[in-house]
Amino acid sequence: MRTLTRESTMAKLSFNDSHIERLHAARELWRRFSRRQSAMIGLVLLLMIFAASIFAPLIVPFDPEKQKLSQALIAPGGQFLLGTDHLGRDMLTRLLYGARLSLTIGFLAVAFGLAVGLPLGAISGYYGKWVDLVIQRFADILLSFPSFLLALSLVAMLGVGLQNVIISVGVSAVPSFIRLVRGSVLTIREQTYIESARSVGVRDARIIWLHVLPNAIAPVIVQATLNLGSAILIAAGLGFLGLGVQPPTPEWGSMLGEGRNYIFSHPYMATFPGLAIFIAVLGFNLLGDGLRDALDPRLRHV
Amino acid sequence: MLRYLQQRFIAALITLFGITIIVFAILRMLPGDPARVIAGLLATEEDVARLRVALGLDQPMLIQYANFLGNLARGDLGTSARTSQPVLDEVLARLPATMQLAIVSMAIAALIGIPVGVIAATRRNSLLDYVLSIITLFGVSMPVYWLGLMLIVIFAVNLQMLPAAGNENLTSLILPSLTLAAFSIALIARMTRSSMLEVLHQDYVRTARAKGLRERGVIFRHALQNAFIPVITVLGLQFGTLLGGAVLTESVFGWPGIGLLMLDSIFARDYPVVQGVVFIFAAMFIGLNVAVDVVYAYIDPRIHYG
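In order, the protein sequence lines correspond to chains A and B. Mapping the first sequence onto the numbering used here, position 238 (from 1) lands on 238, and the numbers just tick up by one. Here the numbering used here = 1-based position in the second sequence + 302.
Isolated chain B (complex conformation):
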């Protein structure tokens, strides 16, 4: 187990290292002079020159990259061009809102998606299964941002039941989290259904039935436990997708998370913050993947830790 974890951890570190190269390249690949971009259009030539020296942009690429890595290791992601605040502070200030949204959506997705998948699989080819299949297919084909807008039209404009935007109280969490969860609910349900169907064909399920176990026991004690393994992977990957989808959802609902921060920074050409958000997103996603691998190895005894 320990060796397996070590391997996963090293692979994750290598990937993280690759990420730093991409994030480093974001600013350097921009057309034009990065110092000019950061300084803004109103800055004088002297300001730009001073900034170039201050940021070390006059040094060779490799040294720039080494400095970038060194700063990163000390938790220094640079300074926002807009607010002159440290990027890390800006990102950390917005992170809780995004996490809140993503975690609630994930919980909704799992709590609805898994039971729907199990029900559809146990009543295969019934009318219910058919209807659920259509709904989940719609769910994976629907643009989340459109769903968000439609929910606003229905619940905020027509019924006036829920707030359309902002983050004041718990009710303002309902629409954004449902919007963000929709795709994952559908995907998890589809995944659970096909995984369950595969397991229900296995010999041990027939054996369990043959020895007279009640259907509920067969489903929950034997089938579901084994069908769960691929579902866990999807759950883990979905959390990453949720973080990505959060950008759109946050934009639709004006939710003050890091997705909205990234968008505002893109439009304001505040590239240090864009870099910071991209790095944090990627780092979280990598950490999540390692966590999934660990959980995976823990539940599935067939996986060797060697």
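Bound conformation, chain A alone:
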């Protein structure tokens, strides 16, 4: 009984220790990250987009979907800061509400990619042999389509709509996560602490979850951040072609697709949605680059 209490106290103590260690690591990471101007610019850009999408109803007084044809195609300036579209809807309003959708698609698609790619990559790297072979051939097959083409083919198969766009873009992110996690796990697998965990009889699933993955996670975070940018880019591309979220829902890609029909008479209708996509992707690219530099000290000199 007594030993048991002591053990649990020690467990608590060691938890506190590792907790403090983690805090230190996080502070050190932030120090390295915040020193980089470009990374901070990315962070600020993204925070601004998040805030704008969340507080959209407070910023703009208009309805994003309600049509008013008497106000169609009004040039930017005046009451409608960025003008109105062909159905008389305020562009700025639709852009702000559209940010919600584009970001949601991006996050859910990358989450999907992680949910499939992370376990497959870990299993592939940890077990090796034929399991590895099968999973790697699977990744090869997915990788033999350029990612936009893969998402496009899947949407052609599954049909349009929010859920199918998320799945299609998510699947196209899967192989990169498989490859990345496998690579890290391969080196971690050989470490002594894994061997000791195995020798005291810890189950494989627990080893992978508690000891392997936490040590393989840094490059995954970087890749996920960069993938958020490309997921938004791909999803918007599908929307642009009319294969994404269907009207009247405001989404950056489909807005750009609508603007394209007015490119000769009202070029602003295509200019602003594209600019929004560009800024969001730029934000994620800057953030991802900054995180990589902060997490991987070897790259700092470059």
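Rather than coming from a laboratory, the hints here were simulated on the basis of the structure. Since we're looking at a predicted model, the values are computed, not measured. Don't take each hint at face value.
Sample of chain A residues facing chain B (criterion: CB under 10 Å; computed from the structure) [what the hints assert, rightly or not]:
1) F33
2) D140
3) F145
4) P146
5) L149
6) Y193
7) L233
8) A236
9) G242
10) F264
11) P273
12) A280
13) V281
Across the chosen pairs, the derived CB separations fall in these ranges [said to hold, decoys possible]:
14) P219/A <-> T346/B: 53 to 61 Å
15) G183/A <-> I531/B: 53 to 61 Å
16) F522/B <-> R203/A: 50 to 58 Å
17) R203/A <-> E347/B: 40 to 48 Å
We put the CB at the ideal spot given by N, CA and C, even for glycine.
Starting from the structure of chain A, add chain B where the hints point.
Below, chain B alone, put in the same frame as chain A:
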């Protein structure tokens, strides 16, 4: 070398085999009856039944797949639901336009991207490097389809210098190929820069400088040659990405390639053609990857062919 090539070739064949399963699944995974989808909404029940037998869709899956493979081996990708022409003919008719666009874009991307990367690396932390970094970062963050539209606004609408769409003469190639190349230019430049920076730190570069070689000799004879290896990989992969991006670029400029064919077929629910285009795209991409591996092994003597 021969054994290495054999291995790569076998791996590519396995992947290609996997592709056939996916392509086969495209039609079968569609919600509803594939025969109905191919026949179109106006077809009568008898027409659909006849088509189902004609396409062998009434047979078990495995036999269907075996037939599909057999046809594929004979170069038969099925028949277009819209035009009743063989899919292979439709795809081959459109392929040259896409290849023309992709090859010109690739050439532009390499000819601009590599020098930009080298210049940025040799003048590291200078104002020029800083400006180039910003431009290339913009390049990889920009949606290609948006860039295409903006180029149309500037050069076709405002300046009236270049045609906005179509494929009549060489000038109509300028905007689409620049649009398609933009992302690759930026990526290749970034890749070349970081690869060059890594190499410039190496001992042999210092040695080359120490023995009194002029800076140009150091850069071109020693650094660039070694920095080139990762760049080649990116070039190869970029060609595949270019083919994928061609769908969007072709749509923006009405360029009559296989990307546009695929889009039109998706909207017309002409799934045999969608299948065919997906298969051709994937097959080209796999072939390209093998080619990159071969070139890679050829330039980098450190790679063992065993």
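We went through each hint and held it up to the structure:
Violation of the interface hint for F33/A is found here, the shortest Cβ-Cβ separation to chain B being roughly 17 Å, above the 10 Å cut-off. The interface hint given for D140/A is met, as the beta carbon of that residue sits about 5 Å from the closest beta carbon of chain B, less than 10 Å. Taken as an interface hint, F145/A checks out: its beta carbon lies about 6 Å from the nearest beta carbon of chain B, inside 10 Å. For P146/A, the interface hint holds, since its Cβ comes within 10 Å of a Cβ in chain B; the closest pair sits about 3 Å apart.
Interface restraint check: L149/A against chain B, minimum CB-CB distance 4 Å, threshold 10 Å, status holds. Restraint check, Y193/A versus chain B: the minimum CB separation of about 31 Å is more than 10 Å; hint violated. Of the supplied interface hints, the one on L233/A holds, with its beta-carbon coming within about 6 Å of a beta-carbon of chain B, less than 10 Å. Residue-level restraint check for A236/A holds (minimum Cβ-Cβ distance to chain B is 6 Å; threshold 10 Å).
Of the supplied interface hints, the one on G242/A holds, with its beta-carbon coming within about 8 Å of a beta-carbon of chain B, less than 10 Å. The beta carbon of F264/A is positioned within 10 Å of a beta carbon in chain B (closest approach about 6 Å), and the interface hint is therefore held. Because the beta carbon of P273/A sits about 8 Å from the nearest beta carbon in chain B, less than 10 Å, this interface hint is met. Hint on A280/A holds. Least Cβ distance to chain B is approximately 9 Å, under the 10 Å limit.
Residue-level restraint check for V281/A holds (minimum Cβ-Cβ distance to chain B is 4 Å; threshold 10 Å). The hinted range of 53 to 61 Å is satisfied by P219/A and T346/B, whose Cβ atoms lie roughly 58 Å apart. For G183/A paired with I531/B, a C-beta distance near 19 Å fails the hint of 53 to 61 Å. Against the hinted window of 50 to 58 Å, the Cβ-Cβ separation of F522/B and R203/A comes to about 57 Å, which satisfies the hint.
At roughly 57 Å, the beta-carbon separation of R203/A and E347/B lies outside the given 40 to 48 Å, and the hint is violated.
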